[in-house]
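Asks: Protein sequence lines, in the order shown, are assigned to chains A and B. According to the working numbering, the stretch in the first sequence is residues 1 to 472, in order. According to the working numbering, the stretch in the second sequence is residues 1001 to 1472, in order.
Keep in mind that the hints were calculated from the coordinates and are not lab data. Where is the CB? At the ideal position from N, CA and C, for every residue including glycine. A few of these clues could be false.
For lysine-lysine, the following BS3-like pairs were computed, each having C-alpha atoms within a straight-line distance of at most 25 Å [stated by the list, open to error]:
1. A:K425 to B:K1425
2. B:K1236 to A:K161
3. A:K44 to A:K236
Covered stretches of chain A, going by a simulated chain B footprint (3 or more residues, C-beta under 8 Å) [what the hints assert, rightly or not]:
4. 139-145
5. 176-184
Chain residues, written in single-letter form:
Number of protein chains: 2
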Amino acid sequence: MKVRDGNDLKAFFEPESVAVFGSLRDGMGLGYGTIRNMLDFGFKGRVYPVNHNYSEVLGLKAYAAVSEIAEPIDLAVVITPARTVPEIIDQCAQKGVKAAVIVSEHFAEAGEKGARLQQQLVDIAHRTGIRIMGPNTIGTLNTANGLVTTPYLLGYDSIQKGGIAYCSQSGIVAAQCQPLEDRAYAISKMCDLANKCDVNEVDILNYLADDPETKVVAMHMEDVRDGHGFMDAARKLTTCKPLLIFRPARSEAGARASASHTGSLAGNDEVYDSAIKQVGAIRVHTWQEFWEIPRIFAQQRQIGGNRLAIIAYSGGAGVVAADAAAEAGLALANFTPATLDRLRRIDPRAARNPIDLGPILSATADTVSVQDEAIAAILEDDSVDCASIALYVGVLAPVQYIDELLERLMENISRPVTIWLYGTKLSVLEETSRRLEARGLPVFTELETAVKALGVLAHYSRFRSNLEHDAA
Amino acid sequence: MKVRDGNDLKAFFEPESVAVFGSLRDGMGLGYGTIRNMLDFGFKGRVYPVNHNYSEVLGLKAYAAVSEIAEPIDLAVVITPARTVPEIIDQCAQKGVKAAVIVSEHFAEAGEKGARLQQQLVDIAHRTGIRIMGPNTIGTLNTANGLVTTPYLLGYDSIQKGGIAYCSQSGIVAAQCQPLEDRAYAISKMCDLANKCDVNEVDILNYLADDPETKVVAMHMEDVRDGHGFMDAARKLTTCKPLLIFRPARSEAGARASASHTGSLAGNDEVYDSAIKQVGAIRVHTWQEFWEIPRIFAQQRQIGGNRLAIIAYSGGAGVVAADAAAEAGLALANFTPATLDRLRRIDPRAARNPIDLGPILSATADTVSVQDEAIAAILEDDSVDCASIALYVGVLAPVQYIDELLERLMENISRPVTIWLYGTKLSVLEETSRRLEARGLPVFTELETAVKALGVLAHYSRFRSNLEHDAA
């Protein structure tokens, strides 16, 4: 049995050459789809179609077998019928291919016969050292080099580069199912571990801990295959970057459903919950939190406390944000006397947290200065660790107005700020979101999530600070 | 003191004539805005601008005082400086105006001086019988007659008519802050009770209980002014239609924030929680739930049990839906032997709840028939009370394909079905949502909310069935 370590995963994300096994039927074949997606994404490495029925596809020479490729191959992407996969993997191993993404289905998730086929893959991996992701996976994505192993045509060709690694145990967390271009989550890597016959959560945590492009890891997992390994790898990762875990299969019904689609046995949720806490990871509870909360770590800021300022343009929004703060472990900041004076000079009603700018702005002719001064007073207060703004955009305050407001304010903002936008037009809300995010301000689809994200940041900052204190 | 009953509120929503007091400055004045919005919405009644500086606005004759209008006036909308409001309301009462929406701010929410002004309004109302909504309110909206009292220009002019009444204690629940046209919530009435100096939650519950256009009431409230009255009115309403309550100010911080923007004292959340349960209302917990869950009642279907079928195109989505079901008090339906046989004939893996259609469709050439037959088998099963579908829309299954799928299925669907859509393009997701909703299928922005809505429906159905049982 070959020795393996976390670095083995490099070939899954940073291959210089990729062989694709699957149907090359024009526009329809899954091999064709993978190659087309990689070309659209501007993959920087070499791509080798392997299919004995074709001599050429999308301008690339096709090969009858992997053995016929003269150059070395780092990664194989296999999307052929299940029964053909073990032989292909064996040939890849003989050729010296380092890693294989097996997209093909009908393995352990599909019953006993599939489980036996999957065991053959495991045997080959152990015998030869080739690493396998899947089977039954969508594979990997890397925004740094344009790698994408998805076999389904995506309909878009650009993803915002950034520091978030999303990894999962389901194909729904992948480029063909998510509005990655529209939402502009800033992504480093993605992967779907699926059946985890070889590469599992331990390998991926070790790889991502060392990946300089990844600043935060968001992990969807239904089960853990190697409990002790997971604890060690997660502990190591959380000392250098945050780890957010979305673990469904909490309920009995969820656990049964999980068993039937990944062949896994999910186990007691309390055990997972306690393990997640012990390793310093943070649990999120919905798909929306899984996708959105990691963005709070994109700029790698830490905060020194949990004191939140809430800036609202509606009293009702301020109350909901205050509730969300309490539930997220945040305290409402008590502004310093100097800040309270500065706010009172604007309007006696301004000296409050949450501040409700709605009635204050409706009582002045100089809305721009009043708004700038009030928000600046709050964001410059040393008793404030972080702030959340519930911001109206629409006829009364158009995109350009909001964008310029935040441009002026951001010059002096050193504290983390999250934004929730509300207004009358979905297209305007989306456009404003993208513009503010381009300024480094994460915009959340729900007010409560915008506040909770800061609670998660405060929680991780405290964890890191305790670690550093213990080490000193 | 004049006698008042729930019917007094008719003038707030169904006035034949409206007098608008406020600045008529072209494009800027708040009186102008209100009138312009009403004209844009095609308000069916007569509108009378009142402002002594103008003789005409937007083609309407303006009056120097309400007393100069020859015709009777049902409703006054007042958006003038606070100090001028008591006199205007007094003049309205003398003219015989039945109701006044007071949009003006700087009353009880703004301190002692404002509280004294507000008391003057209360005195006038008690003395003359004129009813007052607000002050500090956005007022009312009625999709049946095009009434909208919002003074801020909306930028759209159509709202889907339907059975949902949204009422609140904050101007954020109003046409100038929400994408009511884009989201197509099917609305009957809306109102913002704000400072509740006169009209309060009791009046509005009584009015909406009797309103034939309202099938479900969604109420945002931070406090209750008349506890016993609220219990009685809510009990009466829930015997004929569902009442969903979003009550923020749960936390201490939230309660303090609430006091500062509506002048209210929120009180202990446990008391509210218990009262909400006692009256047969259902509590929702986020803005998203407040806006989206009422749509499950739009078709006034009741269900006989809590047995849910989950139809997914991704195993991972099925697991999350199963968790959400458990949390919402729903059980996963056990399909009948006949249904299981029917599903097994399609694919052995189909005979499951949640069903994961992803791998089943990827194993067949005839995806349309397989999908139709599998979903029909489930929706026709008598052991299924309701179903939730997590549906992909995108390159592989475009809008038209999804719309036609649901068109075929809906012919035979008698059970409530909720939809969650996922895919790669936000614009496509929105377009598909609107098309499915036009077929009577509510689409939710989060998978978990799509499932929870069915749990709320099952809960209310059980409550109604128990009531009927007790009465029999």
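Asks: Is the straight-line distance between the alpha-carbon of K44 (chain A) and that of K236 (chain A) 25 Å or less?
Replies: Given pair K44 (chain A), K236 (chain A) is violated - Cα atoms ~31 Å apart, limit 25 Å.
Asks: Quickly compare the C-alpha distance for K1236 (chain B) and K161 (chain A) to 25 Å and report which way the hint goes.
Replies: With Cα atoms ~56 Å apart, K1236 (chain B) and K161 (chain A) exceed 25 Å; violated.
Asks: Need the status of pair K425 (chain A), K1425 (chain B): alpha-carbon distance at most 25 Å?
Replies: 17 Å, holds
Asks: Okay, the segment 139-145 of chain A and chain B, do three or more residues pass the C-beta test at under 8 Å?
Replies: Violated, because only 0 residues of the segment 139-145 of chain A bring their Cβ atoms closer than 8 Å to Cβ atoms of chain B.
Asks: Count the residues of the segment 176-184 of chain A whose Cβ falls closer than 8 Å to any Cβ of chain B, and tell me whether that reaches three.
Replies: This one holds; 8 residues, not fewer than the three required, reach chain B with a Cβ under 8 Å.
Checked against the numbered hints given earlier, this structure breaks hints 2, 3, 4; the rest are met.
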